[in-house]
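Protein chains in written order, with the working numbering: chain P, 1 to 419; chain R, 1 to 240.
Please keep in mind that the hints were generated in silico from the structure rather than gathered at the bench. Possibly wrong hints are sitting among the right ones.
As the list claims (entries may be wrong) - Here are the computed distance ranges between Cβ atoms for each label pair:
hint: 1; chain 1: P; residue 1: L363; chain 2: R; residue 2: R125; range: 51 to 57 Å
hint: 2; chain 1: R; residue 1: D78; chain 2: P; residue 2: A386; range: 47 to 53 Å
hint: 3; chain 1: P; residue 1: L358; chain 2: R; residue 2: G84; range: 33 to 39 Å
Virtual Cβ for every residue (Gly too), placed ideally from N, Cα, C.
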Amino acid sequence: MSLLRLALLSLWNRRLTAILTILGIALSVTLFLSVEKLRTGARESFANTISGTDLIVGARAGDVQLLLYSVFRIGDATNNVTWDSYQDIAGRKEVDWIVPISLGDSHRGYRVVGTTTGFFDHYRYRRDTGLRFAAGQPFDDLFDTVVGADVAAALGYKVDDRIIVSHGTGRGSGAEHDDKPFRVAGILAKTGTPVDRAVYVGLEAIEAIHVDWQGGGRVEGLRIPAERVRNIDLTPKTVTAALVGLKSRITTFRFQRYVNEYEAEPLTAILPGVALSNLWSLVGVAERALSAVSLMVIVTALLGLVTTLLASLQERRREMAILRANGASPRTVSALLTAESGLITLAGAALGLGLLYLLLFTLQPVLDARFGIYLKIDAPSLRDCAILGIVIAAGIAAGLIPAWRAYRRSLADGMSIRS
Amino acid sequence: MQARRFSRLSDTDPALSIRDAAFSWAGGFGIEIANFDLKPRERVLLLGPSGGGKSTFLNLVAGITTPSRGRIDVLGTDITGLRGSRIDRFRVDSFGIVFQMFNLLPWLSAIDNVLVPLRFSRLRRKRAGDARGEAARLLGALGIDTTLFDQRASTLSVGQQQRVAAARALIGGPGIILADEPTSALDRTNARAFLDLLTAELEKADSALLMVSHDETLADRFDRTVRLDDIARVTGKVAA
Ligand SMILES: Nc1ncnc2c1ncn2[C@@H]1O[C@H](COP(=O)(O)OP(=O)(O)OP(=O)(O)O)[C@@H](O)[C@H]1O
Ligand SMILES: [Mg+2]
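This is chain R alone, in the form it adopts within the complex:
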């Protein structure tokens, strides 16, 4: 188990598998997920209405919140069994995360923001090799001009910030990239261009992608499209 946690995946094991998991917020909103799988290197688009529980779902997957029941296996490890700092370590080892907005630490430079996960993950630090070189390469590959590398993140445009966040998610090749509406600030053309760049890097890093969006037209860039309604049942308060 310990050994498998950090090993690369075989093609047969799912990168992520959820079985009969349930979670509810203190406010009452809850979701139940009977069954969900993500294969290694698979790119899945998760669609759902606003307030439908997509972010709640990603929180569960990333082990930021703990389900009240059920089982969530990530890269062969049941994360519901991880406690304390081990889940935090496991999260940064296994996931690269892109938020909908406010991705970066505004007081760090673009390149330092990319390096943040390496501060917490020895595994990804090792895989990244020359950390700064790799960060620069990823930024370049995602279309960030070298002159911006050392600029404070707060001076970047929202689109640039999202690309820096994507580079941060990709660095050190985590098994799964979770992206919560990462293209929300981009027009459709730019969103597609961004996805193409992201896809190329995902393939290099051998990472799977679970991306949340409202925009169904992006579906052709993914292996599979899933609607939250199809995999999860909302309990308690009904979404607006």
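Isolated chain P, as found in the complex:
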């Protein structure tokens, strides 16, 4: 009869407490691993908010700021890029494609983005996923619009609905472009990125709704109806930013330098990936706090294990004395206890890992759809394995405390066991 079998049988005898302890460890392992998974998933999804775009060009600004307003539509640009510069950059031989972004208006709290249909072709997220239309198609007419998935869901829009754009980005700023309503031509499929929370119109449409405006309001007495606007030259004077795809990635840095040193006006070109990770590092503290909390949960579970083992020691005094009288050394008795805590944590860790995958399989689609966090279901990472290893090692170490007590007691008790 092997020592392991003795340990297993003894454990089986106390299976209820053992199972509870295993569950406790499993749950905390699951919690920890899923927090880790969420953390890396969120980071990865975040880092993949925009991909396939080599550079983002805007007026001179910090890279996080430029990223925030051009991609996340948070904050405002202090300056715009002139149409001439835009045209100049678009015409460079390194440039494969360029998509303008013109900000400034909003629709019921959602930003209105003036762009071209190239946006729907070139915007990529999550490595290489393109935008899809859940309904309708890209804008075709001057007063067509495409709405993001969240906008459509929140405001209940369908294709062919009429919407009105407000001037400015403040919620309920009052001034409405109500003389020039838009028709919803298409609704984008959910991406889990800021794309979902914007309304897209053509670059010319932005011009069109502003022809009779100046600064913050309508020009007094000047009213150009929607039909007549079509005959006016709607070439924009500025854009807010531009997404640029290069023919060859090798030229990225050289082209970035070219833009940054642009002579006609001060411009900034950023690498979206770099800016995204800079931005993410700003929230790194919260991320670490999350890890710390889940680590504490594991420590608590291990303390629970020690408590259970110590409590079971009293009940197992008899067992120890019987084994001692039959040739088991105090060391063997200690080894039994350590094997037990090792088995418990091993089972707990394994169960925890199993639970994690169960959770992943059930929650992955929900997380993706609701929060835009895409969790890859793959083998445990090296980091996960290291954590599991540490948990098991700590479990065995936790068994050493009761084992030491049992060792001392089995020597002091002798073979008389009275309870």
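Using the hints, position chain R with the ligands against chain P.
Relative to the frame of chain P, chain R with the ligands by itself:
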């Protein structure tokens, strides 16, 4: 010395000899044993009042506790000189032990309980031969029904448990059986019947028996009766 430890005994060497040994518990209770011998295959009944130090005495003999002075020779080996795991190995090689109560691992079957010493003693494993067969034979000889062999020990009656414990003590023929009030749960008739079965097996295994009891009427089943007062002096706290 090494060779003698595992050899069978000659009739002249004592199975157990204690010379001027002393031991005291941390609580203060202590005993001194000037002189005690147990001959091979001898059956000795040790009598003494409750709390008199009988179990303390057995602990010393089995090498579970170590005397502060003196010498204890078991089957030709001075066990006070054995350290660490060697004393544990030596104990299971040389002794079969029956407790007053709570003898068995409740979560093992009767037969697996009998096999426990063989897990720790290669010598007894070898002597037992077909381990399961021998365990079954001993259980049968001590009056345990075959249907009980694979039942968990916790489901057995106290008397049955004591007989299983006796089978465990006997398996692999250790030189000395130490029994700490093994008949405490039995009425006098059953205690005698049990002792008769035990004696028969002791003779087959060539083992000596040192048994503790309160019951003087069992004396006729033994070669010799010893009172603890006669061989040991209690020191420190006086027994209640
Ligand atoms: N593990 C121990 N630690 C400290 N003191 C002990 C221990 N075991 C026994 N003693 C002390 O030794 C004394 C003798 O106890 P012991 O168990 O040897 O008596 P006993 O003769 O076997 O009694 P009983 O017939 O009731 O079993 C007691 O007074 C007790 O306080
Ligand atoms: Mg006693």
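Does the structure break any of the earlier hints, and which numbers would those be?
-> 3
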